[in-house]
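All letters in the sequence shown, in the order written, are residues 1 to 355 by our numbering.
A few of these clues could be false.
Said to hold, decoys possible - Here are the computed lysine to any residue pairs in the SDA-like style, where the Cα-Cα straight-line distance is at most 25 Å:
1. 67 <-> 274
2. 67 <-> 51
3. 20 <-> 95
4. 67 <-> 80
5. 67 <-> 268
6. 20 <-> 181
In short, the hints are calculated from the structure, not lab data.
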Amino acid sequence: LWVALTLGVLCLALALLRPKPCIESSNCLALLRESAPATLNVGAVCGLTTVLLHEVASLFLHYRSAKPLSEIVEGVMDVFLPSGLLCVTFAILLAENVILLLESPAYLIHNPGHEVGLRGNKPVFTVIYMEWLINVPLLILLVGHCALGRTMRQVSGALIVTNVYIMVAWSSYFVVGNVLRWTLVCLSFAMYGWASLEMGQWTLDWRRENREGVHDGRLRPLLCIGLIFIFGIYGIIFLFSQLGMLTSFQERAWFTCMNIGAKLAMSMAFAGIRSGEHHELLVDMLVNMHLPFQRQTAASKGTGAALIDSDEDTENQTNIARPPLNPRLAAVKAGPARAIDKRNAAGIETPLLQA
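Construct all of the structure, not just a fragment, from the sequences and the given hints.
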């Protein structure tokens, strides 16, 4: 539903506004070349390529190692959804920066065609807004569905409203008339406020459902609150751009740094969440594992005492294969017996050990 609605709003905006590519205006191209040094996106492409390769390799290796357990441990394959979504977000962000590195990316950068209030006729980086239309819903899915366990129906409202106010904010650059333009700007901020309240409610519901606490009980709500805060910073940059307080280069640099920083922060947060999920999985497996009980008693023989196994028959009747004992644990287990043998060899009487 949110994909269809986003495409509908996008087609409607393009049909009504009919923005002209920057390549058709010599003035727009001149402003673009002056405000778009290649070094900004060269570093972004190099860094994003490294991060994307790391995420893809990590996803592949974890999936291959966990696939044999899919029929044994229920839900073990669900932990790979966040990693897959992160790989998609990094790939789309990498594609955006590659496009901006090309000599003629102006087909995805538009010319407003008129003086836009205090902003003037600076080029509009449509490619950045297109990246948001794909990646921002994925970030919301990561927070709402993967981290806080909300259903797709609960998450869909914030997804739809977020994509709509992104399109409304982009449309404000091409509207003639200050009143209508600032009406669209105010509408986009109002929709951001509603979506933020909806996401805040996810946090409250998750805290109410997990009162006993989980391994990463603070990280998940903070991740949602942090995403709301990041979207607010985007809004401030957009507002400064509308007021003419940023140059084209500053606007592009801020948006590029925020895009990369938000995705990296999300990746690091989910690394912690995955660690907590693995911890809980190991604890559940240890708690539910059936281990036979073995009791050791001491019997007096002559002047010493020897440890005997009083449950040998029970252990022999157990059909469960016992894993080999860790060498460190084996040394701890054999320690008392060796101490008793040394005392017997020295001729020291050892009191009877009670089982």
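Point to revise | Numbers of the earlier hints that this structure fails to satisfy, in rising order | key: Going through the list in order, the structure violates no hint and respects every one.
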